[in-house]
Structure formats: structure tokens, C-alpha cells
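**Q** Each chain, written out:
There are 2 protein chains.
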Amino acid sequence: MSAQTITREEAVGPYFVGVDVGGTSIKIGIVDDLGRTLAYTSFPTEGEKDTADAIRRTTQVIHGLLATAGLERSEILGVGLGTPGPMDIKRGFILDPTNIPGWRHYPIRDRLAEAVGKPVTYANDANAAAYGEYWVGTGRNYPSLVMITLGTGVGGGIIIGDLSVEGENSHGSEIGHIAVDYGPDARMCPCGQPGHLEAYASATAVIARTTEQLQAGRASSLQAVLAQEQKLTGLQISQAAEAGDDLALEVILTTADYLARGIVILMHTIDPGAIVLGGAMNFGGSDHPVGKQFLDRVKQGVDRHAFPLLAQRIAIDFASLGGDAGYIGAAGLARAAQKPPTP
Amino acid sequence: MSAQTITREEAVGPYFVGVDVGGTSIKIGIVDDLGRTLAYTSFPTEGEKDTADAIRRTTQVIHGLLATAGLERSEILGVGLGTPGPMDIKRGFILDPTNIPGWRHYPIRDRLAEAVGKPVTYANDANAAAYGEYWVGTGRNYPSLVMITLGTGVGGGIIIGDLSVEGENSHGSEIGHIAVDYGPDARMCPCGQPGHLEAYASATAVIARTTEQLQAGRASSLQAVLAQEQKLTGLQISQAAEAGDDLALEVILTTADYLARGIVILMHTIDPGAIVLGGAMNFGGSDHPVGKQFLDRVKQGVDRHAFPLLAQRIAIDFASLGGDAGYIGAAGLARAAQKPPTP
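Sequence order for the protein chains is A and B. If you want the numbering used here, it's the position in the first sequence, counting the first as 1, plus 3. If you want the numbering used here, it's the position in the second sequence, counting the first as 1, plus 3.
It is worth saying that the hints were derived from the structure and are not from the lab. There's no promise every hint is true.
For chains that are exact copies, the list does not tell them apart, and a pair is met inside one copy or across any two.
[Unchecked claim] EDC-like cross-link-like pairs, simulated, lysine to aspartate or glutamate; straight-line CA separation at most 20 angstroms:
no., residue 1, residue 2
1, Lys295, Glu215
2, Lys342, Asp260
3, Lys302, Glu49
4, Lys342, Asp165
5, Lys121, Asp184
6, Lys93, Asp188
7, Lys93, Asp165
8, Lys234, Asp248
9, Lys234, Asp249
10, Lys302, Asp260
11, Lys295, Asp260
Pulled out of the complex, with its shape left as it was, chain A reads as follows (with noise of 0.2 angstroms):
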């Protein structure tokens, strides 16, 4: 998703850079303080390359995008920086990220806040992305929120009013590791525990349950593309469920079951204000057939298992922000630490 500009005319100062280092690629944004973009671009992360390199690059983007947005430097109050984890957010290191190799135990907050020369407020992308939700996304008129990220894993983010619940050691809103099987033949997650959310509801797990089932013999259009293929994608999963596959559409409404599992132990810790669901593997979304009958069902379980009130009340649906919602939650959370809290 490209994100939709404003002009400078329209928009509204303080200004704020947000950055979202994804294993593929880095998007920053220059973001207005009702959370509007003035400018953007992203390149690729060459993550075997030095850590040094991309703060030089993400620099000269930084620099290139105000001059492109009409900016002076002065008007920028402060840069947000998300990164995959794991990570030490209170000493701003990024640690040892899977998808970035070249990136290890780096002090990325300060080495880009120096070579910038503003202040840098650290985050988890998915606590970045929940943000950018909360802040002018699905969730901009909730007090609280949580985000739920269903793509190759299952991450999170926890918002409950300007606080994104990072954790004392970044390890906070880590719901793709909640357990929501203790059986003895729960899946294992790539953590190495069982049971955990992940290992049921990321595009990885989605993906492995119905092929597991093709491989069991059961019956399914499926069939011919793994034979053709060797190996399913979530697209063609969704895509199957639409033209009505059976085998399919349940291991995608199973999938929404295991989901509302989580959800309703947030509801009852968190009691937010939302639930929204970001992620590539949205099933085409709330517009789409395939995609609205995985919310409904997602629902289902809450009012089933949820406590009656919360489930009436709670809104639950798809994030709206796409690819964007990183960079502009990242310039959130850099404004919200620049800004007083409210009492």
C-alpha cells in the first residue's frame, strides 16, 4: 500500500518522522500531528549489510522526504524508529532480528538519533503498528486497543490510552504467544512451546494445518495445487474457500476459532476499548466473502466465551491502515513522548 499525502498547505505542524524496519524493506514517512502523511518512500533493508549503512541511508531519505514535504528540520519535534524484535527498548538496542542478519546487538535508537539530531522513540513494529491503529486507524475512536497481527507470525500491540505496552524487556503484547491449546497434540509454535497462537492462527500455521489434511487424503481442490506446486500460499487457501472448497473454509473458520480464543483472555485482562486484526492474512478483509465470514466467526466465539457485556460492547474488525500503520504509529509514539501526558 502506497500511503495517501496531504499537501503542506493542509496539513498541521508539529511534524514527526516515522520509521518501519521490516525484513524486506524500510518505510519512512514524514507524518503531520493529526497523524497525516506529507511524505513518504521506502527502500529495500539489505539486511546483510551493515546496521551503519541503513542509518546513513534512512538519513539521507530522512532529508530528501522534508524537502519533498516543504519542511525545515526545525519543524520536526522527533523520529519514531519500529523494529522486529527481539530487542532492549529501554536501552534502544535492536538485538538479534531472524529477517536482518547483519543487524545484531546495535545501539539503533542513539546512532540514528545522532545522525538525524533528534530525539528517537523506540518500539516493537507491532506495538508501532497497534499505535498507528489506535492513533488514526480502525481504532482512532477507542481509549484502548489491542492489534493482532496475522501475516508469517502472530505479533501484537497492547495501546491503553497513549501507553503502548512494550514490556520491562520488550517482550509485552507478544499475543501470538498466548496458549490456546494444552492438548497433548496442540501444535508447536516456532518458539518451541505448544499450543500458542501462532502455531495456529500466522499464514505459516494456516497454511501447514491444510496442507497436513491434503496430506492426510482428505478431499479438496486443494489437491491438485499442492501436487502442481508442492506447497500452498495463504492467497490460494482464501481463494479456494471462495469457490467454495470445503476443506478450506473450515481450516479458515478454525483458524478464527483459535483467534477468539486469544481474544477473549485480552478481553478479560486488557478489557480494550477494540480488537483489531492487521496483517496480510485478512482473507481479502470485511468486503470480501471469505474475509467477512472470519470475522463473524471470530465473533461468534467471543460472544460465546466472553463475558456477556464485553462481548456486547467490544468492536472487533479489520485494521485499516495497511502497510502504513508501522511508519504512522512509530511518528505517533514519537509525539506522544514529546508531548506532556494529559491528566
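For this one, chain A is given, so just place chain B on it according to the hints.
**A** Chain B only, in chain A's frame:
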């Protein structure tokens, strides 16, 4: 437990009043700016009577305590009030607490504020107790904590900095209602849902689980107790375990296993500095052999199932304020509400 009090000379102002309403008694203390008690008393709740009576009596008692402590009304900055739920914290209403039948849909916060002439901060009783432990109890050296209260039911409080997670609908921190068993034989929680922590780890649940094993013919010294008294107590189970009864110890250690499941979920979502176990069902606490075995078994479960870094860093211990945590924490929340948040 009766509060340890300090003198007016030792105390550091400003001062706060904490009121902790329970099913059997109302506890009231005057607390200084460091969380120390200057004067304390309690009286029966008489929950069948009108709430207005209780407000009048509470106000009289507060004035009496001020005289005892040698304080002027003007030295009190605010009052903290904790009550059981269900409640509407934002509107300041107690709704329909199970154990206080005379108190229903009553604007308790504003009525108390009018009667005392001070601002009243309203909180769930379990969250207030958690804040007490965070402020001056077991959690005092940690920037965040989760308290789990094991009593007749299982309650809890999540404190992150000065934020008590009360939720949008006053149902935050309902830790007893985290699911820890999704199996077909999961135990039913009093709330009507299967598999919740409360259905395994409350005193009621521990007694029920033991009694079921006895009724199934399991050999145990408790068979004689049950035959004679028809009904067990938590203390009898704890004493049987200490005396070497296998069944009693097994039930207690299995309780720890279920508790660890809930704690691991809280570690992966909140990542707090400490987990504090409160409530009457502490098996004698960590100075007692059974309490120590219980705590060790909780820690073993956490070591096995939480992220290793978090398992290594988390502090897990029993609460230290006993029955004083509620009013001290309520006073602390009143204090936090009066002070501008630190940036």
C-alpha cells in the same frame, strides 16, 4: 492482619485516605505520602443495609481516624475507594456485588466525595490491592506487576507504572477468567465458562478438586475429615499436605501448574517486572514448607513454558501487605490521581 502504624512525627505529607470495601468488613486507613499507615480501623460491612448508611458511617470513621492521627481535614488530598465488582468505574457506580446485596446501582464514588468533601478515586478492590503491593509491598522495587489473588475466587490487578489496568468496562485484570484448559473435561468456572483459572486455583476449586478425588475413593488422611465434617477447608488440605498426605500435596501442586499457565500468558502479554500472589490461599507463604513447594512449582511451570529471558528475569513471590493491601493501594491510587504523571 492489623496495620503497623507510624506516628504523626514520622509521617510525610500529603496524606490520603484508603477505603477497602469487602463482603464482610470495610477497612479504612490514613496513609502518608510514602504509603505508611497513621491510623486504621475496620467495621462490619452489613451489606444487607442501605449503602447510604455505610457512607455515613465511613465518613464518621474517617473523621475519627483523622483525630487519632492528629491530622486536619485540610491535610488530606484525596480518598481512594476500592469495592468488589461488578462496577462502572468511569461513572463511579457499584452495580450488583454478590456479597453486598443491599448495594445496587449506587453512585458510591460521588456520594462518598460529597460526604467527605474530598475527591474520591474509585477502583476495583483487587486492582487496589495490586497497587498497594506495587507501591509499598512485594512489588515495590519493580516498575510493573501483576498480582493474582487466590481466595474464594481468583482476582487480580495489572499495574504498569502508575496505570492500573481497569479496562473500558471495568473488567480489566480479571485474571481468574483467563482460560487455562480447553479440554472436553475442563472444569466449569462460577462465571459459567469452562476452563478458567478460577475453576482450578480458587480455594473453592481446590476444595472441590480434593473432595472429588476423595469421593472417587482415593486414599488420604482427608477421608476421615470429610466423613466427620462433610466439607473440607483449604487450611485442612494445606495441613494434610504438610503432614505428608499425597493427595493433598498433589492437588496443591497441580494448582500451581494451572496457575503457572495463567502467569505465562500474563508474562507474554504484559511482561511485568513481578508476579505477586496474594489472598488467603498461600499455603502458609514462602516461610512454610507447603507454601514454598507451591511457589517453587509455580516457578518450575514458568521456567518450562515462558520465554527463557522472561523466566530468568521475572520475580514471583507472595504478597507482603496481607489484608492491608486494599486500603493502602486505594490511598495510593488517590495519590496517583492527584499527582501530575511524571514524564
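**Q** Each hint: holds or not?
**A** Outcome of the hint check:
1. Lys295 / Glu215: Neither way: Lys295 and Glu215 sit 25 angstroms apart in one copy and 45 angstroms across, limit 20 angstroms.
2. Lys342 / Asp260: neither (40 angstroms within a copy, 44 angstroms between copies)
3. Lys302 / Glu49: neither (40 angstroms within a copy, 41 angstroms between copies)
4. Lys342 / Asp165: Answer is both; intra-copy 10 angstroms and inter-copy 18 angstroms each pass.
5. Lys121 / Asp184: So Lys121 and Asp184 fail the 20 angstroms test inside a copy (45 angstroms) and across (49 angstroms) alike.
6. Lys93 / Asp188: Neither: 38 angstroms inside a copy, 43 angstroms across copies.
7. Lys93 / Asp165: Both: 17 angstroms inside a copy, 18 angstroms across copies.
8. Lys234 / Asp248: within (17 angstroms within a copy, 55 angstroms between copies)
9. Lys234 / Asp249: within (19 angstroms within a copy, 52 angstroms between copies)
10. Lys302 / Asp260: For Lys302 and Asp260, only the intra-copy Cα distance (9 angstroms) is at most 20 angstroms; the inter-copy one is 30 angstroms.
11. Lys295 / Asp260: Result: close within a single copy only, 14 angstroms intra versus 38 angstroms inter.
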